[in-house]
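Chain W is fixed; fit chain X onto it per the hints.
Note that the protein sequences, when read in sequence, are chains W and X. Take the first sequence: its letters are residues 5 to 489, numbered as in this note's numbering. Take the second sequence: its letters are residues 5 to 489, numbered as in this note's numbering.
Treat each hint with caution, since some may be false.
It does not matter which identical chain is meant; a pair holds if it fits inside one copy or across any two.
[As the list claims (entries may be wrong)] Straight-line Cα separation of at most 35 Å, DSBU-like style, residue types lysine-lysine; simulated pairs:
id, residue 1, residue 2
1, K478, K251
2, K251, K43
3, K344, K251
4, K421, K444
5, K344, K121
6, K121, K251
7, K214, K443
8, K52, K343
Hints listed in this document are in silico derivations from the structure and should not be mistaken for laboratory results. Note that this is a predicted model, so its numbers are computed, not measured.
Number of protein chains: 2
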Amino acid sequence: MSRHPLHDIMQPKSVAIAGASADGRGAGFVSPLIELGFKGKIYPVNPKYAGQDIMGFKTYATVRDIPDPVDFVISSIPATQVLPLLDDCAAKGVKLIHFFTARFSETGRPEAIALEKEVLRRAKAANIRLIGPNCMGVYYPAMGISFNEGMPRQSGVVGCASQSGSAVGEIVEAGRVRGCFFTKAISYGNAIDLNESDYLQYFAEDEDTKIIVMYIEGVRDGKRFFRTLRETTLRKPVVIIKGGRGKAGTRATASHTASLAGAMEVWHTAVRQAGAVEVGTIDELMDVAAALQFLPPTFGVRVGVAGGSGGSSVMGADQCEEAGLDVIPMPQEIREELKKRGSPIWDWISNPADFSIQMGDFNSGGEVIQLMAEDPHFDMLIMYLSPPHNWGPRRGQGPPPSLEEHMKRSGIGLTKKPILAVMQERWRGPADDIADMMKKSADFRAKLMEVGVPSYPNIQAAARAANRFVWYYKNREQALVAECQ
Amino acid sequence: MSRHPLHDIMQPKSVAIAGASADGRGAGFVSPLIELGFKGKIYPVNPKYAGQDIMGFKTYATVRDIPDPVDFVISSIPATQVLPLLDDCAAKGVKLIHFFTARFSETGRPEAIALEKEVLRRAKAANIRLIGPNCMGVYYPAMGISFNEGMPRQSGVVGCASQSGSAVGEIVEAGRVRGCFFTKAISYGNAIDLNESDYLQYFAEDEDTKIIVMYIEGVRDGKRFFRTLRETTLRKPVVIIKGGRGKAGTRATASHTASLAGAMEVWHTAVRQAGAVEVGTIDELMDVAAALQFLPPTFGVRVGVAGGSGGSSVMGADQCEEAGLDVIPMPQEIREELKKRGSPIWDWISNPADFSIQMGDFNSGGEVIQLMAEDPHFDMLIMYLSPPHNWGPRRGQGPPPSLEEHMKRSGIGLTKKPILAVMQERWRGPADDIADMMKKSADFRAKLMEVGVPSYPNIQAAARAANRFVWYYKNREQALVAECQ
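Pulled out of the complex, with its shape left as it was, chain W reads as follows:
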């Protein structure tokens, strides 16, 4: 397979925005470039504002009028005007067009379908590659490209290809709160030229991308897609949401991105056989991505659960098992060691380790966690952690501990064993206090990430992510073994 052309054409030195205007959506594609610090040239294009400034850039009537080379064009003009734009781009030697422009085949109307075909025909003739139409396009923080204001400037290791634009926005946002940032995130809509397989291959080849996440409504070329997927998952994890799983969703995908959803059982089986992880929601998607990003490869699901109180331990164990994890009994070795150390709960401590029965003696909690972290029977630990606003000060217990002290007492950082933190944050009280709590909580989560611990809002999310992340590595190992035989 030769290296995908996107690697070269996704490095534009100049961007023209067709349909830019002094306000509204068109300028919307100018302002994100400014906000993210795009280093190349920016050319607003709109006959109505020709010669005027839009956000400090001289506006041209057509792409053809721009005096310098143009690599990349973002089109937000109406569908009725795209054919002349294509001809201008062809004349100018443009390599890549992103069509935000919509109302093509997704409308189901014959004239719109015909227009879409003509767009593709002219693009192919001019050797122009197309993203879209009917999509938000490219977010590429290292290059300073974005389609929305307020997207993170920080780059990361996750590559995202999504048929839906709003899904990309949600995926990036869900990533941000989990400490997952992106190499590039591309919304590709109707995918008349570049399709899911192109983006997948591109991210598979991209060295900066370590994890790939996708939102797919329908595939254009199933054979190519699953072949590319199988090859990719042997090297890096791919996590997929299929949009349009039921009959209503299928109807909706048709009017959304003109995709035909296939029979779901066939799809699920094919994705699994290709070694990709499938999830049902954006939160689940980024929960798995966070586990893949922060935790070392793990090949078993024997989990130790610690730090909860009575009811949360019981419910936590249920939810771990329902997610496919194995909540093994507390190893006898740990009980013996606790007995040796004179712990009064040695014969009583179980897995999940209920910390409320220790009556607030937090240090012995840390001791139990340390023993669990060192014990080879556990493949991973899931730990309930109090958010900072629950750390005190309690009556007669002195000031609340620092972040570092709290982590030490919790046993975090003592071990190389994969740890997933569960931190349930409930905000109440005066607005100022809440703002302060949220800040402290975010700092705590950041500290946890620094030592390789992703955090989850509840144990169900942590357990499901853990099971899926282990599944990826186990499946890949089997596939690699099979390949070498």
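Chain X alone, transformed into the frame defined by chain W:
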């Protein structure tokens, strides 16, 4: 069935706290009473502080020393000291004791099991009823009784009985954010005297309680419980979480509240046959409770989904169907009406109604919702609503609308049809802005509740709650019909 004695003995005119101390847990049971404004007398009891003040109340060495009658005793003394306390309570004519005191049968130790039996024997002999042991006891806001600081003063229509104390805290907190408040919430731990059936009967008979939620690890008397449950669900909904569903959870319940979990399939079937709703997490529990509290009885699952953009509509439809709802096609009558009104999207608008294709023309969105609300094909609507911090101001669109204006534009309040709102709130930006956003968002949610619209953080939660809430009413209707034949 005679009226349960709890109705009378849960109205104490005086409370003694055995084990109260100047700080720590004992005083912890004094301070919540003060905070919630308990109207009766408060007597701290502790020989160490006899004659001294604890939080402004004179402390007695024993319950027997208190000069006036004592109705209710909260015990936070060690297990080794409970027998003399029981004798004092018997001499004093105490009617009800809550044993926060733990380390009884849940430890699995023979001497602790024997002690628990003796506690029950002496209580029965003295006609004293027991809550617990090993539990948090009573939260009863109208009476000013609580076991924790910071519990809501506001009473509501939900009654809660929970074997776990931490679960009650979480349930009340999960209720608060959903606008669900409580008549009483009782944590009952090992349930050696009053058990799940007593609390269920009590809430069934309690006129202020309209909805019952329970967290149960194991039942003491299955026959009585399921008979009481069947009778109760004919009159008011009961929503149950079973703690200890798997093998690890079962181990954990044994050391938590000394319960024996039964075979799960038998349990699920029995709960369903008794007409109660079963859920797996506390969030799900209160999601269903909110639907039951805010929405009128509903007997079908044909849902209209509106207000999303492309990807969220597709995923929303999937999640509705996976939750058991029927996302029916957009009724032809609505399309015809839109055509008559000259809408350009009349032949394109679908269910889910993707509002992004209307290119921001919000009023026509309101028009579609109004038509959906009036259409008899839909049993209910699920609506995506933007949280207030996404209302603008956008460039060139003027100031953001007021809460009232936004609700009007969203079509909320136009209809008596059950509506569940989905409002995804993601907090980012400077702390001050976040605090302001959260306040506005809470105000918006409160306004929605005023017009009978519960809100959910994602469509999965809304759809699952909707399906369960309809199931309750349909099942009850069938049971009532069967009874009348």
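Open item on the list: My question is about K52 and K343: at a cut-off of 35 Å on alpha-carbon distance, are they close within one copy, between copies, both, or neither?
Closed with: between (82 Å within a copy, 33 Å between copies)
Open item on the list: At most 35 Å between CA atoms: does that hold for K251 and K43 within a copy, between copies, both, or neither?
Closed with: Cα proximity of K251 and K43: none, with 46 Å in one copy and 58 Å across.
Task: Copy assignment of K344 with K251, given that the CA separation must stay at most 35 Å - done: between (61 Å within a copy, 28 Å between copies)
- [ ] Up to 35 Å between alpha-carbons, please classify K214 paired with K443: within, between, both or neither.
- [x] within (29 Å within a copy, 39 Å between copies)
Open item on the list: At most 35 Å between alpha carbons: which applies to K344 and K121, within, between, both or neither?
Closed with: This pair counts as between: shortest inter-copy Cα distance 32 Å, intra-copy 77 Å.
- [ ] With 35 Å as the alpha-carbon cut-off, assign the pair K121 and K251 to within, between, both or neither.
- [x] Answer is within; shortest intra-copy Cα gap is 27 Å, inter-copy 58 Å.
- [ ] Could you place K421 and K444 in one of the four classes (within, between, both, neither) given a Cα distance threshold of 35 Å?
- [x] within (26 Å within a copy, 42 Å between copies)
Open item on the list: Cα distance capped at 35 Å. Does K478 pair with K251 within a copy, between copies, both, or neither?
Closed with: Answer is both; intra-copy 33 Å and inter-copy 24 Å each pass.
Hint compliance for this structure: hint 2 is the single one not met.
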